[in-house]
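Could you put the whole structure together from the sequences, leaning on the hints where they help?
There are 2 protein chains.
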Amino acid sequence: MKYEPINFNEKYGLFTETWSPKVIAEMNDYQFKLAKVEGEFVWHVHDDTDETFVVISGTLVIEFRDGGVTLNEGEMFVIPKGVEHRPIAENLCKILLIEPKGIINTGDSDSVLTADNDVWI
Amino acid sequence: MKYEPINFNEKYGLFTETWSPKVIAEMNDYQFKLAKVEGEFVWHVHDDTDETFVVISGTLVIEFRDGGVTLNEGEMFVIPKGVEHRPIAENLCKILLIEPKGIINTGDSDSVLTADNDVWI
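Protein sequence lines correspond, in order, to chains A and B.
Under the numbering used here, the residues of the first sequence are numbered 1 to 121, in order.
Under the numbering used here, the residues of the second sequence are numbered 1 to 121, in order.
It is possible that part of the hints are untrue.
One copy or two, it doesn't matter: identical chains are merged, so the pair holds either way.
Unchecked claim - In the DSS-like style, the derived pairs of lysine-lysine whose C-alpha atoms are separated by at most 30 Å in a straight line are:
| id | residue 1 | residue 2 |
| --- | --- | --- |
| 1 | K2 | K81 |
| 2 | K11 | K81 |
| 3 | K11 | K101 |
| 4 | K11 | K94 |
| 5 | K2 | K94 |
| 6 | K101 | K2 |
By construction, these hints were calculated from the structure, which means they are not laboratory data.
As structure tokens, then:
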């Protein structure tokens, strides 16, 4: 088949690591990345770009310095550039990230959670 | 609340028209748009940008001049710039579109299906 759908569940079956976004598609200079997340991530900021989170299953909390937002399945949020944030998932949560190609998951923060970039599945 | 999730089902409850994308969020100069689609759309092309379709519920067929792809719930596809396509949904289907701000739904084609652009819900 020349044209194949990209199936989220099928792609999630291809990896087990958490906090390690995998690229599944590109649109112009943007990428779609799937990630499994569980526990607390690091506080970080992306100074030059907005970043989109879509929850595919589970619950994700995104903390900000002055508040927070809880995202359940079928919900999304766009984090404005320059806004410090920390994602937290009490239980395993599957998310879709949309952001420009080349964005590092931990932004400005040096962390053991910094993942390899541009890993396709 | 300062930070509010964007809930797809809640947003779909706000309109009934088909083939009339509604903007729900912006990320840099890109927009996220929800649409309800049913029946055959027009053949068209976007010469300057890729365009992303995500199926939220139902089934969407995207025809190309040399093939096609069927997308079910939880599946996505990025149509490369310059590739002529025609979306078809036998039954009501709910989709999420991601594309640069300002893109006209019928691309290069004059059509009664050309929708108002940049309508937020």
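Numbers of unmet hints, in rising order: As far as the earlier hints go, not one is violated by this structure.
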